[in-house]
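Undergrad: Now for the letters of each chain:
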Amino acid sequence: MADKTYLSDIKEIRVDENSPLFDKTGMLYKEFPSDYRQIRYFTLLIVQSAPLEIKEINLLEQQISEVIKNGVKHGNRCEASKKVRVWYSFDSTHAHLIVQDEGEGFKDLEKWNEFNRNRLEILSAQDFEKLSDYVSFRTQKSDDNDGGNALFAALEYWNGGFVFNEARNAVAMLKSFPQKKHAIG
Amino acid sequence: MELKIRKNGNNYIIDVNGEMDLYNSYKLKELVMKMLEKKVERFIINLENVDYIDSSGIGALIYICSTIKKMSLKLIITNIHGSVKKVIELTKLMGYFPITNSIEEAILQMED
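Taken in order, these protein sequences are the chains called A and B.
Numbering follows numbering that gives the first Met the number 0, with no gaps: position 180 of the first sequence is 179.
Numbering follows numbering that gives the first Met the number 0, with no gaps: position 29 of the second sequence is 28.
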């Protein structure tokens with residue numbers, strides 16, 4: 000039977016330079032060389048400023064690592080002289096990041112949105128045979144180590160938005176964490 | 000990440016220990032491909048001791064799963080938990096992967 004929950008809210012990667020998510024006021028900043036071997040280390044340097052109340056810190060770390068990896072590998076093509084710049088702010092209610100590289104920008108953004116729309120339609124139809132063709136987004140530059148699935152999860156995880164600038168070499172994202180409800184009285 | 004193989008009847012259980020990330024997920028892929036060359040037909044991948052997976056790890060599981068499906072052989076992934084489960088859920092692949100909650104369940108399912 001078709002499962003329409005997949006189609007109820009098809010999210011897209013947006014391009015909006017004027018999104019409030021690009022407002023860097025009050026954010027911390029670090030920059031890194033495009034060294035593939037150090038991606039997880041760079042991520043830890045960012046995540047260590049997140050408060051301990053944030054649950055699922057592993058998941059937050061993984062999601063940040065994917066975005067830094069995209070900047071280092073797909074944006075800057077691992078050219079060490081090119082920097083990945085990260086603005087970030089965390090508290091118990093949210094994680095807000097902007098990651099910018101010096102690459103030519105995410106040219107396949109529209110193709111990706113179309114691929115993702117098809118993927119969600121196939122999931123909705125529960126067609127697991129056909130799904131095999133939609134588990135990994137590939138481009139001519141993809142290699143064996145590219146899972147091709149990072150952005151599917153990113154769009155779900157960053158529930159406050161996942162937005163590119165006009166040049167498509169910077170992405171801003173926001174995650175709001177669920178808050179404990181306090182009993183009143 | 001450390002990989003150990005043990006045998007249970009005709010089933011080969013691969014215990015993955017550690018993090019399945021961009022630096023080492025290829026090792027699991029390579030191991031399964033070698034086992035396929037040696038005509039192994041039934042795989043159980045045990046993720047009990049994996050607390051971190053990224054898109055490369057998910058990609059390795061997709062590659063393994065689609066290769067084994069194409070060859071009409073058997074694969075079950077088991078003991079998925081915590082953030083590993085979350086990442087697979089976010090990627091909406093819980094229905095794509097053959098998953099059980101325990102090795103015992105996986106062994107039972109292999110017999111079906």
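Think of the hints as simulated: they come from the structure by calculation, not from any bench.
Only a predicted model underlies this, so the values are computations on that prediction, with no experimental measurement involved.
For glycine and all other residues, C-beta sits at the position ideal for the given N, C-alpha and C.
Keep in mind that a hint or two might mislead.
Some chain A residues close to chain B (C-beta under 8 Å, calculated; not the full set) [claimed, not checked]: (1) Q37; (2) S91; (3) K110; (4) L130; (5) D145; (6) A149.
Undergrad: With reference to the structure, classify each hint as holding or not holding.
TA: Here is how each hint holds up against the structure:
1. Below 8 Å, beta-carbon pairs count as interface contacts, and Q37 (chain A) has none with chain B, the closest being about 11 Å; its hint is therefore violated.
2. Checking S91 (chain A) against chain B: minimum C-beta separation of about 18 Å lies over 8 Å; hint violated.
3. Hint status for K110 (chain A): violated, given a least beta-carbon distance of 18 Å to chain B, over 8 Å.
4. Given the 8 Å rule on beta carbons, the hint for L130 (chain A) holds: about 6 Å separates it from the nearest Cβ of chain B.
5. Hint on D145 (chain A) holds. Least Cβ distance to chain B is approximately 7 Å, under the 8 Å limit.
6. Because the closest C-beta pair between A149 (chain A) and chain B is about 4 Å apart, less than 8 Å, the hint holds.
Hint compliance for this structure: hints 1, 2 and 3 are broken, all remaining hints hold.
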